[in-house]
Amino acid sequence: MPFLVFIEAVSYIARVLSLSIRLFANMMSGHALLKILIGFS
Amino acid sequence: MLSFNTMLFASVFQGALDPLEQFEVVSIYAVDGTSYFNNLGLMLFLNLCLTVALLAGFNMNLTNNYDFIIKNIYQLVQSMVKENLYIRKQQYFAVLFYLFTTLLLANLIGLLPYSFTVTSSFVVTLFISLMHFVGVNIIGASQHG
Chain A
1 MPFLVFIEAV
11 SYIARVLSLS
21 IRLFANMMSG
31 HALLKILIGF
41 S
Chain B
1001 MLSFNTMLFA
1011 SVFQGALDPL
1021 EQFEVVSIYA
1031 VDGTSYFNNL
1041 GLMLFLNLCL
1051 TVALLAGFNM
1061 NLTNNYDFII
1071 KNIYQLVQSM
1081 VKENLYIRKQ
1091 QYFAVLFYLF
1101 TTLLLANLIG
1111 LLPYSFTVTS
1121 SFVVTLFISL
1131 MHFVGVNIIG
1141 ASQHG
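Heads up: the sequence lines are chains A and B, in that order. Reading the first sequence from the start, the letters are residues 1 to 41 in the numbering used here. Reading the second sequence from the start, the letters are residues 1001 to 1145 in the numbering used here.
Hints are computed from structural coordinates only; laboratory data are not their basis. Mixed in with the good hints, there may be bad ones.
[As the list claims (entries may be wrong)] Okay, derived cross-link-like pairs now, EDC-like style, lysine to aspartate or glutamate, Cα gap no bigger than 16 Å in a straight line:
| id | chain 1 | residue 1 | chain 2 | residue 2 |
| --- | --- | --- | --- | --- |
| 1 | A | 35 | B | 1018 |
| 2 | A | 35 | B | 1024 |
| 3 | A | 35 | B | 1021 |
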């Protein structure tokens, strides 16, 4: 039972970090892709 | 601090086609090597000013075209809140509306050339998410604990 509490707490906290990393990575990859495609022209 | 500035100028002048050059936080006001203001702070401040100007200039009579945009964003966020958040009277609608508007404006401003995308720096997204995480936990523990 304490093991389940630990797992739930870790997944609850990791959701915050995961969502912020997702927004950051999407923005960064999208703008880097746009810059690369502009550089081809 | 000297190595920081030389690295900065080297990356600015060499990498005109470097795709990761646009995410650099460049100091734009420094006194004696100490940076007081950078473009991240500038774009955050611009984003705040644009959000406040767009939301504070809202007219109920819909006299402007921007009023229609804000009304559509309001209805979009309202429908999202209604189908996802089952709280009576919708008391946390303002927080979500402000969050949606700031993120939308940050991403739209970042699409302009020679601009800086605020949400492509990890500090901003981490602090947005941590801020809402702490707030949600405090409210949940005080009201339902």
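Here is what the structure says about each hint:
1. 35/A with 1018/B: With Cα atoms ~8 Å apart, residue 35/A and residue 1018/B stay inside 16 Å; holds.
2. 35/A with 1024/B: Given that 16 Å is the threshold and the Cα spacing comes to 14 Å, the pair holds.
3. 35/A with 1021/B: It holds: about 9 Å lies between the C-alpha atoms, which stays within 16 Å.
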